[in-house]
Amino acid sequence: MNALPATKELATPATEIPLSKISRLVRRVHMFTGLFLTPWMLMYALSTLVMAHREYVDSFYSSKNPALITERELDYSRSFSTNTPREQIAQQILQDLRIDGAHSVSGGRNERPLVIQRQHALPQRRITFDASKSKIVIEKEERRASTFLERMHRRRGYNQPYTLEDTWGFTVDVAVVTMAFWSLSGVWLAWEIKRARFWGGLSFATGLGLFALFAALI
Amino acid sequence: MTFDKINRRAHLYLGLFLMPWLLMYGVSSFIIIHHSWFPSDKPARELLFEKTYSRTVNMQGANNSPDLRATAQEILKDCDLEGAFWVDKPKPDTLHIDRFSFRDSISLTYSIKDQKLKAERRARRWSEVPIQMHVRGGYGQPGFWQKFWGLLVDVACFGIIIWVASGLLMWWRLPRFRAWGAIAVGGGILSFVLLVWTL
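Those sequence lines, one after another, are chains A and B. Going letter by letter, the first sequence gives residues 1 to 218 in the numbering used here. Going letter by letter, the second sequence gives residues 1001 to 1199 in the numbering used here.
Here chain A stands alone, though its shape is the one from the complex (with noise of 0.2 Å):
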């Protein structure tokens, strides 16, 4: 029996005039484009606490970083000469072990082991070829909430040759401009009603006001 006013209300401005065209598409984007991005958007809320309490939530485990738990060790038998650049021997050890993907480098010279970071979402792998014993060690990290939260968070999609990462990179761009278009539009649906002016006028100053104040502030 709910369900009537709130109908009313989306679908008649308080001015009794029928929503314009415009109007009602923007109403209706402004809902759709809020219920596909629904995941993006609690992702980004819960790693800000994560990432702003950071202390707090380290606290409840029992080490700063998460460990690493051996997966596999193989031999690996092939060879690169001395010129090959570590980035090439890095992509090529991830397509031999059928896990290419978005990864950085580190390691690799002054006859060092080649350390590979897998940044899989879930879980993320550290790959470490030591050469002198044609021996490469899988490590995989322990999951945790928090580490995935802030991963998923810091991660930007475009600069890493594959077209997953970019995929992920159009959906956070996507967001972006979801975010300036839900912000302009959230103004003008409410100042179709009529009967939130005063209210929403002041939340509106309200935070503005505050935002100047700390952009002059601190």
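I should point out that these hints are in silico values taken from the structure, not numbers from a laboratory. Backbone N, C-alpha and C fix where the C-beta goes; we use that ideal spot for every residue, glycine too. Among the hints, a few may not be true.
If you anchor each label on the Cβ, the simulated ranges turn out as follows [as the list claims (entries may be wrong)]: (1) B:E1082 <-> A:S132: 53 to 61 Å; (2) A:S104 <-> B:S1036: 14 to 22 Å; (3) B:K1113 <-> A:Y158: 40 to 48 Å; (4) A:S104 <-> B:W1145: 32 to 40 Å; (5) B:K1042 <-> A:S63: 31 to 39 Å; (6) A:D130 <-> B:L1048: 47 to 55 Å; (7) B:V1135 <-> A:F181: 17 to 25 Å; (8) A:N83 <-> B:G1186: 49 to 57 Å; (9) A:A121 <-> B:R1178: 25 to 33 Å.
Calculated pairs, DSS-like style, for lysine-lysine (alpha carbon to alpha carbon, straight line, at most 30 Å) [unchecked claim]: (10) B:K1089 <-> B:K1051; (11) B:K1091 <-> B:K1051; (12) B:K1116 <-> B:K1042; (13) B:K1051 <-> B:K1118; (14) B:K1113 <-> B:K1089; (15) B:K1005 <-> A:K194; (16) B:K1116 <-> B:K1089; (17) B:K1089 <-> A:K64; (18) B:K1042 <-> B:K1089; (19) A:K64 <-> B:K1091; (20) B:K1005 <-> A:K21; (21) B:K1077 <-> B:K1113; (22) B:K1118 <-> B:K1077; (23) B:K1077 <-> B:K1116; (24) A:K64 <-> B:K1147.
A short list of chain A residues far from chain B (calculated; beta carbon distances all over 10 Å) [what the hints assert, rightly or not]: (25) S23; (26) S59; (27) S63; (28) P66; (29) L74; (30) S81; (31) I89; (32) L94; (33) D96; (34) R112; (35) V115; (36) S132; (37) T147.
Position chain B relative to chain A; hints supplied.
This is chain B only, laid out in the frame that chain A set:
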């Protein structure tokens, strides 16, 4: 006032109040993702002062450790430059304090050996300002306004969670949009899970 109306008003007023933060996070995220599209050169530093200064500093602590921060805070107080900062030791006999704000960054270098304190200011490019706002959060920096900003970041986060919950409820109260809404929610969750799983 019915629960539905409270829900709709909460969604609306919270949205209007937090709009500057939402816009700031949107703009700054765009700059971070597409950083190569924006100028990367940094404006030159201007010398604020260079003076003789004497203070005993315990250099044992790690960069930005509580002991080092306490000393840095005293130095900033002496220079009337209190605010958010980061402290590190670029050399064993040199203390470096980065006193930062949204608009500029003041670099203070204290040479313990020469007993000299030098301060240089660098204004931020316009594209750096939203990024500075984006990365600031928590309650680790001294001063009321710094902590108040941390509180507002928390409010923005809880605000987003409330928007999501109230938005879902508003959609559910519109029977004729349930099917299309379910497709939007389901499509979003599926896309997200699929990306997370394969990334």
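Structure-based check of all given hints:
| no. | hint | verdict |
| --- | --- | --- |
| 1 | B:E1082 <-> A:S132: 53 to 61 Å | holds (54 Å) |
| 2 | A:S104 <-> B:S1036: 14 to 22 Å | holds (18 Å) |
| 3 | B:K1113 <-> A:Y158: 40 to 48 Å | holds (46 Å) |
| 4 | A:S104 <-> B:W1145: 32 to 40 Å | holds (37 Å) |
| 5 | B:K1042 <-> A:S63: 31 to 39 Å | holds (37 Å) |
| 6 | A:D130 <-> B:L1048: 47 to 55 Å | holds (52 Å) |
| 7 | B:V1135 <-> A:F181: 17 to 25 Å | holds (24 Å) |
| 8 | A:N83 <-> B:G1186: 49 to 57 Å | holds (52 Å) |
| 9 | A:A121 <-> B:R1178: 25 to 33 Å | holds (31 Å) |
| 10 | B:K1089 <-> B:K1051 | holds (19 Å) |
| 11 | B:K1091 <-> B:K1051 | holds (19 Å) |
| 12 | B:K1116 <-> B:K1042 | holds (26 Å) |
| 13 | B:K1051 <-> B:K1118 | holds (6 Å) |
| 14 | B:K1113 <-> B:K1089 | holds (13 Å) |
| 15 | B:K1005 <-> A:K194 | holds (14 Å) |
| 16 | B:K1116 <-> B:K1089 | holds (15 Å) |
| 17 | B:K1089 <-> A:K64 | holds (23 Å) |
| 18 | B:K1042 <-> B:K1089 | holds (22 Å) |
| 19 | A:K64 <-> B:K1091 | holds (27 Å) |
| 20 | B:K1005 <-> A:K21 | holds (24 Å) |
| 21 | B:K1077 <-> B:K1113 | holds (21 Å) |
| 22 | B:K1118 <-> B:K1077 | holds (15 Å) |
| 23 | B:K1077 <-> B:K1116 | holds (16 Å) |
| 24 | A:K64 <-> B:K1147 | holds (24 Å) |
| 25 | S23 | holds (15 Å) |
| 26 | S59 | holds (14 Å) |
| 27 | S63 | holds (18 Å) |
| 28 | P66 | holds (17 Å) |
| 29 | L74 | holds (24 Å) |
| 30 | S81 | holds (32 Å) |
| 31 | I89 | holds (23 Å) |
| 32 | L94 | holds (14 Å) |
| 33 | D96 | holds (20 Å) |
| 34 | R112 | holds (25 Å) |
| 35 | V115 | holds (20 Å) |
| 36 | S132 | holds (33 Å) |
| 37 | T147 | holds (13 Å) |
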